[in-house]
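2 protein chains.
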Amino acid sequence: MTAAQPTALLALDWGTTSARAYRLDAAGRILDRRAATLGIAHVRNGEFAAALDGLLGDWHQLPVQRLACGMIGSRQGWVEAPYSECPAALSALAKAIVHTQSGELGIVGGLTCRDDAGVPDVMRGEETQVAGLLDGEHDTALFVQPGTHSKWTVVIDGAIVAFKSYMTGEAFAVLREHSILGRLLQGDSPFESESFERGVRRGMNAAAGGELLHQIFGARTLALFGELPADGIADYLSGVLIGSEVAAGYAWAGSQGTELGTPWLLGAPALCSRYRIAFGIAGRAAKMGPPDVAARGLWRIAVHAGLVADKDTK
Amino acid sequence: MTAAQPTALLALDWGTTSARAYRLDAAGRILDRRAATLGIAHVRNGEFAAALDGLLGDWHQLPVQRLACGMIGSRQGWVEAPYSECPAALSALAKAIVHTQSGELGIVGGLTCRDDAGVPDVMRGEETQVAGLLDGEHDTALFVQPGTHSKWTVVIDGAIVAFKSYMTGEAFAVLREHSILGRLLQGDSPFESESFERGVRRGMNAAAGGELLHQIFGARTLALFGELPADGIADYLSGVLIGSEVAAGYAWAGSQGTELGTPWLLGAPALCSRYRIAFGIAGRAAKMGPPDVAARGLWRIAVHAGLVADKDTK
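Protein sequences appear in the order of chains A and B. Residue numbering for the first sequence follows the working numbering, starting at 526 and increasing by one per position. Residue numbering for the second sequence follows the working numbering, starting at 526 and increasing by one per position.
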């Protein structure tokens with residue numbers, strides 16, 4: 526922290542298991558970053574103010590706004606920041622910011638929409654990552670955010686119009702750790718791309734939800750018959766699940782009636798690479814998003830909220 | 526055990542967690558039954574002979590054949606009874622019986638087939654239950670055996686021609702116990718039929734494997750939005766999974782090119798009832814199988830193997 530780099534905003538990506546803080550200058554550029562295992566699951570007795578101090582360290586005294594996104598705004602977090610309904614542009618995200626009682630922190634709310642069957646869906650944190658790649662007016666794109674609960678998000682003319690969650694990462698984790706498939710696995714192995722790709726091709730061909738329940742059983746029988754290497758079972762299962770998500774997500778995105786172009790992949794690079802392989806198998810391209818999209822999104826939302834002056838040159 | 530009821534066969538349904546023994550007369554009727562928590566998971570150091578003695582008790586001295594089915598014939602059991610390939614009639618199951626080294630027990634082997642993608646599938650124990658409802662020559666029917674790994678089995682002209690496994694029960698168990706959905710559940714509740722049926726309708730509409738990953742996430746958001754009662758979440762999830770299995774299973778059975786009639790449901794009555802509700806929602810009937818189908822099947826296979834004289838009047 527030097528006088529030569531004046532801070533304009535402290536941006537916080539505050540999730541369930543981890544918390545990251547970014548110090549941004551008046552053009553929204555990242556000057557510095559800090560991380561701590563102070564995710565909301567680690568904060569006891571609601572001592573979020575102390576956790577914030579711990580995360581910020583000596584940034585605490587900087588006379589600038591602080592804006593956070595993620596599970597810190599959930600019912601289990603510091604202050605509940607309600608879900609806004611889609612469609613939601615940057616201005617809507619900016620309007621929905623909630624502040625802690627003593628004003629230490631602004632928190633971006635999540636988004637909600639309903640699927641074709643009228644079932645509600647939610648995101649919290651992902652909307653800010655998407656915002657990091659929007660110029661605020663003219664964007665039309667598809668964003669794919671792989672993870673525990675993957676999100677597929679359609680942006681048309683700068684507004685998030687719809688999104689869809691897939692419980693892919695969590696299904697993989699519980700099946701790997703707690704099902705009969707887990708008993709076949711042999712510890713951690715390096716990425717077995719052949720098994721993964723085979724799984725993807727299989728998962729993409731699941732023509733009904735129940736077929737997926739058949740296909741995951743197949744990971745066991747293939748291993749039992751020696752037709753899948755033991756160190757490839759986990760990657761095969763991962764491929765089946767990711768392949769089925771990618772096929773379903775593409776079908777859904779295609780039904781939105783707008784040409785969305787090459788989708789963005791946002792998230793952990795190793796996981797995004799798996800999705801990129803799956804897109805490739807489907808004959809589609811996908812582009813990897815830049816790092817720190819949450820910090821970029823917080824900046825753009827802060828600009829729209831008037832928390833910082835707009836000196837962003839884009 | 527009286528002299529008035531001479532024993533012709535001891536039939537054993539010996540699975541992973543439980544073991545049941547039946548004493549049958551010369552017409553294949555059940556005279557008596559015994560059960561013990563001596564499933565193969567409970568037998569230590571390969572002491573299956575002692576476990577058999579424990580299960581049979583004073584039946585041990587009866588000078589009759591003993592025939593078992595189930596996981597006792599798996600790689601983790603007493604003696605591995607290989608999988609026979611479909612199509613398999615009663616005669617094929619009879620031919621594949623394997624005996625323990627000292628001849629204490631005959632064991633019916635499992636079955637294997639391959640799905641449209643060439644992926645192997647297996648059953649072990651379910652083939653004997655199906656055999657319990659076959660007269661050995663003329664049957665053409667669809668059997669549905671709900672469970673940890675549900676089986677859908679097509680029998681044409683007395684032979685099991687194809688079957689398909691769905692990991693429905695295990696997926697439900699690991700999601701309920703280990704995923705974010707489990708954290709929303711409020712202990713054991715009575716059957717919430719409305720939530721179950723709502724889940725079934727949803728699961729039946731999953732037009733791709735990945736849609737199921739979206740639908741299970743919906744159990745959480747519906748609860749989060751107060752649109753599903755907390756004591757209905759588990760049954761909703763159960764409905765989504767069973768609905769997706771029933772839709773996929775029916776589509777698969779329909780592709781076999783033979784009119785199979787009203788399907789049989791074989792298994793635990795409470796679970797079969799759930800499937801029957803799901804069939805009803807799909808506009809289909811299903812009939813509940815009789816109890817003790819494994820004992821009936823062991824009798825029929827024993828007759829075909831010449832282990833007992835055929836005095837079965839059918």
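FYI, nobody ran anything at the bench for these hints, they're computed from the structure. Treat the hints with caution; some may be incorrect.
Note that the list lumps identical chains together, so a pair holds whenever it fits in one copy or between two copies.
Once the Cα atoms are required to be at most 25 angstroms apart in a straight line, the calculated SDA-like pairs of lysine to any residue come out as [claimed, not checked]:
(1) Lys812 to Leu709
(2) Lys812 to Gly751
(3) Lys620 to Thr746
(4) Lys620 to Phe750
(5) Lys620 to Gly579
(6) Lys620 to Val589
(7) Lys620 to Ile806
(8) Lys812 to Gln586
So, going through the hints one by one against the coordinates:
With identical chains, the CA atoms of Lys812 and Leu709 are never at most 25 angstroms apart, being 34 angstroms at best within one copy and 36 angstroms at best between copies. Within a single copy, Lys812 and Gly751 get their C-alpha atoms no closer than 36 angstroms, and across copies no closer than 38 angstroms, so neither meets the 25 angstroms cut-off. Taking CA atoms no more than 25 angstroms apart as the test, Lys620 paired with Thr746 passes between copies only; the shortest distance there is 24 angstroms, against 53 angstroms inside one copy. In the homo-oligomer, the alpha carbons of Lys620 and Phe750 lie at most 25 angstroms apart only across protomers (22 angstroms), although the nearest pairing inside one protomer, at 58 angstroms, exceeds that limit.
Neither within a single protomer nor between protomers do Lys620 and Gly579 lie at most 25 angstroms apart by alpha-carbon distance, with minima of 28 angstroms and 72 angstroms respectively. With identical chains, the CA atoms of Lys620 and Val589 are at most 25 angstroms apart within one copy only, with a shortest distance of 19 angstroms there and 82 angstroms across copies. In this assembly of identical chains, Lys620 and Ile806 lie within 25 angstroms of each other by CA distance neither inside one copy nor across copies; the values are 41 angstroms within and 45 angstroms between. With identical chains, the CA atoms of Lys812 and Gln586 are never at most 25 angstroms apart, being 39 angstroms at best within one copy and 73 angstroms at best between copies.
Of the numbered hints stated above, those contradicted by the structure are hints 1, 2, 5, 7 and 8, listed in ascending order.
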